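Number of protein chains: 2
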Amino acid sequence: MVEAQMKELDWNDAITLASPYAYALGVTLSPDGKPNIIGLGWWSFCSWDPPMLTIAVAPPRHSHDCLEHLGEFTLCFPAEDQAEGAWLCGKMSGRDVDKFEETGFEAVPSKEVKPPLISGCTVAFECRVVNSVEAGDHTIYIADVLAQHATPGKEHHIYTVHYRKMLSLGSDGYANFEL
Amino acid sequence: MVEAQMKELDWNDAITLASPYAYALGVTLSPDGKPNIIGLGWWSFCSWDPPMLTIAVAPPRHSHDCLEHLGEFTLCFPAEDQAEGAWLCGKMSGRDVDKFEETGFEAVPSKEVKPPLISGCTVAFECRVVNSVEAGDHTIYIADVLAQHATPGKEHHIYTVHYRKMLSLGSDGYANFEL
Chain A
0 MVEAQMKELD WNDAITLASP YAYALGVTLS PDGKPNIIGL GWWSFCSWDP PMLTIAVAPP
60 RHSHDCLEHL GEFTLCFPAE DQAEGAWLCG KMSGRDVDKF EETGFEAVPS KEVKPPLISG
120 CTVAFECRVV NSVEAGDHTI YIADVLAQHA TPGKEHHIYT VHYRKMLSLG SDGYANFEL
Chain B
0 MVEAQMKELD WNDAITLASP YAYALGVTLS PDGKPNIIGL GWWSFCSWDP PMLTIAVAPP
60 RHSHDCLEHL GEFTLCFPAE DQAEGAWLCG KMSGRDVDKF EETGFEAVPS KEVKPPLISG
120 CTVAFECRVV NSVEAGDHTI YIADVLAQHA TPGKEHHIYT VHYRKMLSLG SDGYANFEL
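As they're listed, the protein sequences go chains A and B.
0 is the number of the first residue of the first sequence in numbering that gives the first Met the number 0; add one for each residue after it.
0 is the number of the first residue of the second sequence in numbering that gives the first Met the number 0; add one for each residue after it.
By construction, these hints were calculated from the structure, which means they are not laboratory data.
Remember, it's a predicted structure, so these values are computed and weren't measured experimentally.
Incorrect hints may appear among the rest.
The list treats identical chains as one, so a pair stands whether inside a single copy or across any two.
Said to hold, decoys possible - Keeping only pairs whose Cα atoms sit at most 20 Å apart, straight-line, the calculated EDC-like set for lysine to aspartate or glutamate is:
{"#": "1", "residue 1": "Lys6", "residue 2": "Glu133"}
{"#": "2", "residue 1": "Lys110", "residue 2": "Glu83"}
{"#": "3", "residue 1": "Lys6", "residue 2": "Glu105"}
{"#": "4", "residue 1": "Lys113", "residue 2": "Glu7"}
{"#": "5", "residue 1": "Lys164", "residue 2": "Asp80"}
{"#": "6", "residue 1": "Lys6", "residue 2": "Glu111"}
{"#": "7", "residue 1": "Lys6", "residue 2": "Glu154"}
{"#": "8", "residue 1": "Lys6", "residue 2": "Glu177"}
{"#": "9", "residue 1": "Lys33", "residue 2": "Glu133"}
{"#": "10", "residue 1": "Lys164", "residue 2": "Asp31"}
{"#": "11", "residue 1": "Lys164", "residue 2": "Glu111"}
{"#": "12", "residue 1": "Lys6", "residue 2": "Asp136"}
{"#": "13", "residue 1": "Lys110", "residue 2": "Glu7"}
{"#": "14", "residue 1": "Lys33", "residue 2": "Glu7"}
{"#": "15", "residue 1": "Lys6", "residue 2": "Asp80"}
{"#": "16", "residue 1": "Lys164", "residue 2": "Glu133"}
{"#": "17", "residue 1": "Lys164", "residue 2": "Glu100"}
{"#": "18", "residue 1": "Lys33", "residue 2": "Asp80"}
{"#": "19", "residue 1": "Lys33", "residue 2": "Asp12"}
{"#": "20", "residue 1": "Lys6", "residue 2": "Glu79"}
{"#": "21", "residue 1": "Lys6", "residue 2": "Asp97"}
{"#": "22", "residue 1": "Lys110", "residue 2": "Asp12"}
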């Protein structure tokens with residue numbers, strides 16, 4: 000059998016083919032001290048030792064203002080039972096609504112940073128920004144991970160197919176497409 | 000029902016809970032002009048317009064030498080039928096072996112950059128490094144995406160649970176755990 004030849008395609012379709020992405024929630028503090036939540040598909044670990052990760056946030060976003068004000072955030076992976084609220088966080092602006100109030104998520108205090116954790120997440124990382132770099136239409140925030148937390152019994156978090164479709168996947172490989 | 004409380008856990012377990020990660024292959028050119036392949040779980044898109052993405056590569060790796068020599072790479076998402084070869088790329092060093100020879104992967108010329116594409120990939124991005132940043136024990140390479148390609152009919156690529164287990168997932172949400 001002759002293998003199909005590769006063909007060029009547009010950026011948008013290519014991004015879809017590279018999905019699903021793990022969908023994470025970045026929790027920041029606004030200048031007036033109110034916690035805010037942003038939905039993020041563009042994040043990556045970047046160092047084992049010291050523990051570090053990156054997130055990409057666009058300058059027009061409210062979370063960008065928050066991060067420029069206080070370079071701390073938590074990166075929380077919403078559990079499958081938090082799918083609806085998690086999705087809302089990606090659709091609304093924290094300039095207009097209180098996302099904790101809107102989603103019903105419960106904020107619990109972090110150990111090392113000021114922004115809180117979202118209770119009931121699969122896993123959550125407390126992060127302090129050590130560097131930031133402009134990259135096209137986003138800023139990449141490079142952060143130390145100071146602590147990490149998990150909710151026992153919740154091992155599946157949400158994946159997004161280019162922000163159009165959701166599924167959950169566990170570290171055991173189990174998938175749930177019923178979201 | 001009272002929700003389980005979050006508990007602190009170690010970095011290694013937290014990274015596992017944040018997986019699976021899409022597993023991609025970074026193709027570079029060595030100073031002597033030989034193409035090399037590295038297995039990457041730590042990559043992220045970072046800009047819509049212009050199209051950009053990042054990869055994290057540790058300085059001791061042969062691919063780091065290659066990228067310092069020529070700031071171009073392709074990021075190829077191995078299809079599910081390429082799982083075995085893709086995994087080999089993450090286990091061997093390009094200093095010791097020719098990974099195209101070892102895996103049987105076929106190199107096809109890129110359109111915009113010197114490193115080739117891997118034939119039969121789900122999707123592949125041609126990238127030129129525009130910036131690099133040290134971040135702990137890795138270097139983050141920030142790159143423009145100059146072109147992208149796909150193989151018609153191949154819509155599932157490989158995910159790794161912390162480099163211990165593989166599954167494939169498609170942009171249609173279909174999962175295959177039999178890898």
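Right, here's what the structure says about each hint:
Proximity of lysine 6 and glutamate 133 under a CA criterion of 20 Å is satisfied in neither setting, with 31 Å inside one chain copy and 35 Å between copies. Taking the shortest Cα distances, lysine 110 and glutamate 83 never come within 20 Å of each other, neither inside one copy (27 Å) nor across copies (42 Å). Only between protomers do lysine 6 and glutamate 105 lie at most 20 Å apart by alpha-carbon distance; the minimum there is 15 Å, versus 47 Å within a single protomer. Taking the shortest alpha-carbon separations for lysine 113 and glutamate 7, only the inter-copy value of 17 Å comes in at or below 20 Å, while the best intra-copy value is 46 Å.
In this homomeric assembly, lysine 164 and aspartate 80 come within 20 Å of each other (Cα to Cα) only inside a single copy, at 15 Å, whereas the closest approach across copies is 25 Å. When the C-alpha separation of lysine 6 and glutamate 111 is checked against a cutoff of 20 Å, the pair qualifies only between copies, where the shortest distance is 14 Å, while the shortest distance within a copy is 48 Å. Taking the shortest Cα distances, lysine 6 and glutamate 154 sit within 20 Å of each other only across copies (13 Å), while inside one copy they are farther apart (38 Å). In this homomeric assembly, lysine 6 and glutamate 177 never come within 20 Å of each other (Cα to Cα): the closest approach is 33 Å inside a single copy and 28 Å across copies.
In this assembly of identical chains, lysine 33 and glutamate 133 lie within 20 Å of each other by CA distance neither inside one copy nor across copies; the values are 26 Å within and 32 Å between. For the identical chains of this complex, lysine 164 and aspartate 31 are neighbours neither inside a copy (34 Å) nor across copies (44 Å), given an alpha-carbon limit of 20 Å. When the C-alpha separation of lysine 164 and glutamate 111 is checked against a cutoff of 20 Å, the pair qualifies neither within a copy, at 34 Å, nor between copies, at 32 Å. Proximity of lysine 6 and aspartate 136 under a CA criterion of 20 Å is satisfied in neither setting, with 27 Å inside one chain copy and 36 Å between copies.
Taking the closest pair of Cα atoms, lysine 110 and glutamate 7 come within 20 Å of each other only across two copies (10 Å); inside a single copy the shortest separation is 48 Å, beyond that limit. Taking the shortest Cα distances, lysine 33 and glutamate 7 never come within 20 Å of each other, neither inside one copy (45 Å) nor across copies (24 Å). When the C-alpha separation of lysine 6 and aspartate 80 is checked against a cutoff of 20 Å, the pair qualifies only between copies, where the shortest distance is 18 Å, while the shortest distance within a copy is 39 Å. In this homomeric assembly, lysine 164 and glutamate 133 never come within 20 Å of each other (Cα to Cα): the closest approach is 29 Å inside a single copy and 34 Å across copies.
Taking the closest pair of Cα atoms, lysine 164 and glutamate 100 never come within 20 Å of each other, the shortest separation being 24 Å inside a single copy and 38 Å across copies. Taking the closest pair of Cα atoms, lysine 33 and aspartate 80 never come within 20 Å of each other, the shortest separation being 25 Å inside a single copy and 49 Å across copies. Taking the shortest Cα distances, lysine 33 and aspartate 12 never come within 20 Å of each other, neither inside one copy (37 Å) nor across copies (30 Å). Proximity of lysine 6 and glutamate 79 under a CA criterion of 20 Å is satisfied inter-copy only: 18 Å between copies versus 36 Å inside one chain copy.
For a Cα distance limit of 20 Å, the shortest separation of lysine 6 from aspartate 97 qualifies neither inside one copy, at 45 Å, nor across copies, at 26 Å. For the homomeric pair lysine 110 and aspartate 12, the shortest alpha-carbon distance between copies (18 Å) is at most 20 Å, but the shortest distance inside one copy (41 Å) is not.
Hints 1, 2, 8, 9, 10, 11, 12, 14, 16, 17, 18, 19 and 21, counting from the list given before, are not met by this structure.
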